[in-house]
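K.L.:
So you can see what is in the structure, the chains are spelled out below.
Number of protein chains: 2
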Amino acid sequence: MRAEIIFTGTELLLGQVLNTHAQCLGQELAALGVEIVRHTTVGDDWEGLTSALREALRRADLIITTGGLGPTSDDLTLAAVADVLGLPLVRNETVLSWIKEYFARRGQAVPENLTRQAYFPEGAIVLPNAAGTAPGCIVEKEGKIIVSLPGPPRELTPMFEDHVVPFLSKRLARGGVLNFRVVRVTGIAEYAVQDLLRDLEGKEKVQLGYIAKPGEVHVRIAAVGRDAAEAQQLVARMLKEVRARLGDYIFAYDEESIEEVAGKLLAAKGYTIAVAESCTAGMVAARLTDVPGSSAYFMGGIVAYDNKVKEKILGVQTEILRDKGAVSPETAAAMAEGVRRLLCTDTGIGITGIAGPTGGTPEKPVGLVYIAVAVPGQTVVKKYNFPGRRFAVRQGAANAALKMLRDLLENDGGSSP
Amino acid sequence: MRAEIIFTGTELLLGQVLNTHAQCLGQELAALGVEIVRHTTVGDDWEGLTSALREALRRADLIITTGGLGPTSDDLTLAAVADVLGLPLVRNETVLSWIKEYFARRGQAVPENLTRQAYFPEGAIVLPNAAGTAPGCIVEKEGKIIVSLPGPPRELTPMFEDHVVPFLSKRLARGGVLNFRVVRVTGIAEYAVQDLLRDLEGKEKVQLGYIAKPGEVHVRIAAVGRDAAEAQQLVARMLKEVRARLGDYIFAYDEESIEEVAGKLLAAKGYTIAVAESCTAGMVAARLTDVPGSSAYFMGGIVAYDNKVKEKILGVQTEILRDKGAVSPETAAAMAEGVRRLLCTDTGIGITGIAGPTGGTPEKPVGLVYIAVAVPGQTVVKKYNFPGRRFAVRQGAANAALKMLRDLLENDGGSSP
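Chains as they are written, first to last, in the numbering used here: chain A, 59 to 475; chain B, 59 to 475.
Just chain A, same shape as in the assembly (with noise of 0.2 Å):
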């Protein structure tokens, strides 16, 4: 089934509210197995809407509006839809009741606009509305479906939930149902992603897409199936194939939080920790924070910017610094045992690095950054080339960290003494 939103209102074709119905609306169809083809905006004005609605008609199965549906002369929505699908309005008399009921109630006769709300296209299934006076309606005429739903998103919400899922669940048991999962990876550019899994687009009926993100690149691996069994094994199988080819570049899955996994991981295994930071000058530890009641296992950090900090306060030694360099694997791996021992933790990060834009060199170019996890037993350095400017390679950097912690403690048998 192919579906089109056309969102109705001057208010988001000015930007004077940011419209979040096109993420959950989007979300919602897609995981129902719908493709969506097309997003349109149109304001309150007649022409704008009657054309947009011929349009969708022409290209898709189902089309869904939101707003327009209030007592105001601005709204236009159904006397729309009862044109372009060349239907009268009617007045549904139990629609009429409820808000006769509603204002009686408030001891209020019915504003005469009021009465607007209670007149729909022929044969329309009305939706109740559990937050606002203006119900929606499902119309439906030659194959094709329009859903009308209010615009403020806690009358739309439910009533799409309660009324329009189920209603399209059972209309899709036939079509295809789509599933997908997003790959997050870093320290790679977008083109060397692609470059890897170019040969692998189109298989199966699966589709990879790439988006490009500061210090991250996200890969979404989506297939319609014949029902939710086959699309999942789909992508699983296509996940499989992607994971083998970009391994250790894959720091996290779908909405995933990094930081609170890793947080997670020292909890259950009794583990404080503490991180010494330079290129990324406090990323790591404000990430680690971010998780609430991090201050169990979170002591502290070291921001060492300054080569005096790395040396004074974290102890790293003076002849490492000369010899190999403030960005070298010696160094990080001296921050992270460093700033365990002064801090008295039993894990401990060290990340040293060259942001950019100036202090790269054709042996230390702009990106290069050495991160040093620091575990009871060992110590694990590891180097990156992060693609992308100053702040695409602090965020890499601090991605990389985060997911070099969790590795480490998630292939760690021991606990803390």
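Since the hints were made in silico from the structure, they are not lab data.
Certain hints may be false.
Note: identical chains are not told apart, hence a pair may lie in one copy or across any two.
Heads up, simulated DSSO-like pairs for lysine-lysine below, C-alpha to C-alpha not over 27 Å straight-line [what the hints assert, rightly or not]:
1. K327 with K199
2. K366 with K382
3. K370 with K327
4. K441 with K298
5. K158 with K271
6. K441 with K422
7. K158 with K441
8. K440 with K263
9. K441 with K261
Fit chain B to the known structure of chain A by using the hints.
P.N.:
For chain B alone, coordinates are given in the frame of chain A:
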């Protein structure tokens, strides 16, 4: 001028990403006096994109596209623009040299698919990308203008403001001219801001708008004048009144980066800085070092989450922690002075507070934060009550600390010894 915006990205259709461009572009175009008649969102597919462009060309004079400028095979925007306008794609040697330089600085060869980003519809004005590798462009043909911008907000916003607004302003010079300023406040809730300004709303053709963000509220002052001078004067007059009402809650104006302003003041005075953070746990250090070149004045920091770190590393006296508590003006001052002594800097910041969700008491509720700033000759401590949840409290505290630093440096007559 009638305009439409076309957003591209399957992730937008599926609701994986919230479309914030719809709001910010809507506001900026409305501010310029452009009449926005439609927003359309399509996926990363040729058919959807070219049909949306063709339809929009029939209705509008100006079309703005977002997304699809990257190097991967699902980035189709410029090819689609060229196709619907009947123009060839031609290689831009300047852009090609930018791409080559970017990779040369990293000691890498240009990946093959990256050269795609040097092809533009014939005659296009290329728009440099201050925060990424994909340039945007403006193409004009037979009275129609198509502006293509990148998808990531960090790239789109500066490109739009620096290149598209001046371009459109020239074209639109005949209509009314809009001017606006944004006043950014912290430490106060959105409803309380509105309470302070309510009687000013709608006065003298000036519009006031409010946007709540984590840790800050934006007050937007906008006015349309017959010419730029009149619009500016209307806004300036209202700004003066708003400043008088909001006073010390104001921490920044417009897009101003407070960490950059504070950094410039430090550099000008030859001062160095160190920070000691408890509840913000590295956020202020990360903000200060977001500025390229900050290593000239930023030495480092201590994330003193656990009290032992405050005591052992920063030298906060046991008696202060015992008698006044970790969240107290005395502890904040001792942290600022302690980190300044420890890292031998001219200035220091100390932050301690209760970010929540737990840890609050009737005397010391969630949101209570003490911030101390030590400059040569004086240490100033302030008490704040930040509204909102954990992340908002932390962001608010970071904003307030940077504001206190700037204010003190601006009013500080001395210079480094």
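K.L.:
Hint by hint, say whether it matches the structure.
P.N.:
Evaluated hints:
no., hint, verdict
1, K327 with K199, "neither (53 Å within a copy, 65 Å between copies)"
2, K366 with K382, "within (16 Å within a copy, 33 Å between copies)"
3, K370 with K327, "between (31 Å within a copy, 25 Å between copies)"
4, K441 with K298, "within (25 Å within a copy, 53 Å between copies)"
5, K158 with K271, "between (39 Å within a copy, 22 Å between copies)"
6, K441 with K422, "within (11 Å within a copy, 44 Å between copies)"
7, K158 with K441, "between (51 Å within a copy, 25 Å between copies)"
8, K440 with K263, "neither (37 Å within a copy, 60 Å between copies)"
9, K441 with K261, "neither (33 Å within a copy, 59 Å between copies)"
Hint compliance for this structure: hints 1, 8, 9 are not met, and every other hint is.
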